[in-house]
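Here is how the chains run, residue by residue.
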Amino acid sequence: MVVSKDKVEEILHKYDNRADSLVPILMDAQDICDDHYVDEETQKFIAQKLNLTYVDVYEVSSFFSAINKTSKGRYHIQLCDSSVCRINKKDIIEDYLEKTLSITVGETTPDNMFTLEHTACFGACDISPAIRINKKVYGHLTIQKIKHLLEDLRGADHE
Amino acid sequence: MNKTRSLISEYFDKYTVSEINKYQELGGFSGLKKALKEGPDFVINELKASELRGRGGAAYPAHKKWQSAKDRDAEVKYVLVNADEGEPGTFKDRDLMDCDPYRIIEGLTIAGFTTGACEGYIYIREEYEDIRKKLIDAISIAKDNNLLGNNILGTDFSFNIKAYTGAGAYVCGENTALIESMHGNVGRPRVKKPRVGERGLFNKPTMVNNVETYACAAAILTHGSEHYNNSGIDGHKGTKMISLCGNIMRPGVYEVPFGITVKEIIEDIGGGTRDLSLGKFIQSGGASCPLIPHTYFDTPYGYEPFKKNGFDIGSGSIVVANGNVRVVDYLSSVTGFFEHESCGKCTPCREGTKRLHEIIDDLCHNEASMKQYDRIKKIAITMIDTSLCGLGQTAPTAILSAMKHFEEELMESVTK
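First to last, the sequence lines map onto chains A and B.
Per this note's numbering, residue 1 is the first one in the first sequence, and the count goes up by one each step.
Per this note's numbering, residue 1 is the first one in the second sequence, and the count goes up by one each step.
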């Protein structure tokens with residue numbers, strides 16, 4: 001397991017080990033994982049604790065796009081791909097990110113620092129084009145802004 | 001002249017969560033107090049007098065929904081806030097909860113009292129995690145102040161609220177799917193009936209409304225339907241929260257009176273498009289709603305005037321596109337969205353959204369044949385007639401409206 005059993009048990013306890021809380025349980029388990037995902041072993045552990053089968057849990061985890069099934073880089077970049085951000089030229093931001101990080105959308109940098117993915121509208125259209133990095137929203141993006149943002153994140157990691 | 005209004009949004013950013021007293025000083029919770037004093041029938045009559053319709057998109061008269069929830073004979077009932085705002089271009093519920101969280105709590109509590117529910121739930125999309133945390137704080141502070149919990153304000157009425165997170169599925173905005181996910185299941189819509197009003201959360205009768213509907217109910221109770229009715233036009237009383245965005249100078253959440261024209265919204269409120277043109281089209285109501293070409297920008301903003309022209313108020317979003325936006329490119333983002341968000345349960349939607357996206361993408365690259373173009377209608381009609389839920393039924397709406405209003409432009413992309 002990529003997260004500790006104790007911590008997952010703590011989460012399960014918070015939700016009274018109720019199977020109907022499976023979605024928030026999985027979301028919370030993901031939040032404590034540095035790689036931003038819920039691995040198979042953790043899902044099996046949750047299933048066992050909730051008296052469910054692994055398939056029950058996998059069906060839910062694979063359905064919801066906010067629950068990641070594979071590990072993500074230290075910084076999970078989600079670029080909005082919906083209509084408003086397209087109108088506001090998110091392509092320029094996307095091209096820059098792909099070029100600078102030397103990856104295409106859907107990939108993780110070899111040093112495991114950044115994962116770049118598309119996401120559907122997350123309701124930041126008033127500051128479009130927008131991205132989320134580890135769930136934090138950044139808007140009014142320009143190439144300059146993205147450049148500084150990436151530098152800051154890289155810098156923060158070296159400290 | 002300022003074309004916006006401040007009724008639903010009157011307390012926006014005027015207090016912080018820790019300042020529940022300030023919310024009360026502003027007039028907050030006076031709607032709840034009035035409801036507790038006058039009784040459930042008074043609340044429903046006020047909603048009826050204000051002609052409030054559901055603000056999530058379906059526009060069902062609120063007083064009818066609240067009345068039938070009240071009339072349902074059951075020991076345990078729930079009221080639920082659908083805050084799974086997921087229509088691309090929509091973010092007004094975000095501001096309603098973020099800038100005035102106590103009003104949502106007040107509206108939901110009024111609903112609980114009116115319908116005889118013991119508990120309220122706020123189902124909030126994962127993307128608004130910070131707002132969910134804010135609401136959880138607000139709920140706890142309201143409880144400390146006897147505005148939630150047992151014997152609220154010394155009455156016999158007891159009521160609690162819980163906040164619940166979504167997990168990034170647009171289809172969970174559909175009430176049955178939303179409730180499925182709250183049961184720990186996959187968020188796929190189920191066959192109605194029974195409707196959620198009859199059998200919803202934990203198999204109990206559940207009344208579900210949009211965030212804005214609860215905010216409106218609180219505002220109407222606070223100020224009275226007469227005051228609320230001062231805005232708007234005949235048959236369309238009051239105001240509406242809109243999310244204005246796209247190619248516009250001043251994007252944002254605004255409160256507008258019904259009856260304002262689309263042109264006024266774009267030019268006077270939004271400051272016009274970024275290239276100073278009038279704009280080419282808007283999409284009002286979200287990805288599931290029709291495109292409105294600029295030739296219709298004089299249409300008054302309201303359910304009936306829009307419906308008469310085949311348009312929709314929907315979720316209240318207005319995405320503005322200027323002359324630089326190709327209709328096919330716009331449609332590509334819409335069809336791509338639905339392909340991604342289709343839950344896959346029923347065939348017409350699962351397959352239809354995929355095929356429509358393929359054809360639109362071929363059009364984008366000028367590679368679609370006339371035969372493919374003609375097939376769009378056939379696929380669309382099948383989806384509208386046979387899809388299980390609103391997602392599949394409305395996914396082709398934008399394309400069909402584009403084929404009606406922008407046929408000439410679309411034909412340029414068809415290979416001869």
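Some hints could be false.
[To be verified] Restricting the straight-line Cα-Cα distance to at most 30 Å, the calculated cross-link-like pairs of lysine-lysine (BS3-like) are: (1) A/LYS5 to B/LYS204; (2) A/LYS89 to B/LYS404; (3) B/LYS204 to B/LYS33.
[Stated by the list, open to error] Computed footprint of chain B on chain A; a stretch qualifies when at least three of its residues, placed anywhere within it, have a C-beta under 8 Å from a C-beta of chain B: (4) 33-42; (5) 82-96; (6) 103-111; (7) 141-149.
FYI, nobody ran anything at the bench for these hints, they're computed from the structure.
No experiment lies behind these values; they were computed from the predicted model shown.
No residue lacks a Cβ here, since even glycine has one placed at the ideal position from N, Cα and C.
For each hint, the structure was consulted:
{"no.": "1", "hint": "A/LYS5 to B/LYS204", "in the structure": "35 Å, violated"}
{"no.": "2", "hint": "A/LYS89 to B/LYS404", "in the structure": "26 Å, holds"}
{"no.": "3", "hint": "B/LYS204 to B/LYS33", "in the structure": "27 Å, holds"}
{"no.": "4", "hint": "33-42", "in the structure": "violated (count 0)"}
{"no.": "5", "hint": "82-96", "in the structure": "holds (count 6)"}
{"no.": "6", "hint": "103-111", "in the structure": "violated (count 0)"}
{"no.": "7", "hint": "141-149", "in the structure": "violated (count 0)"}
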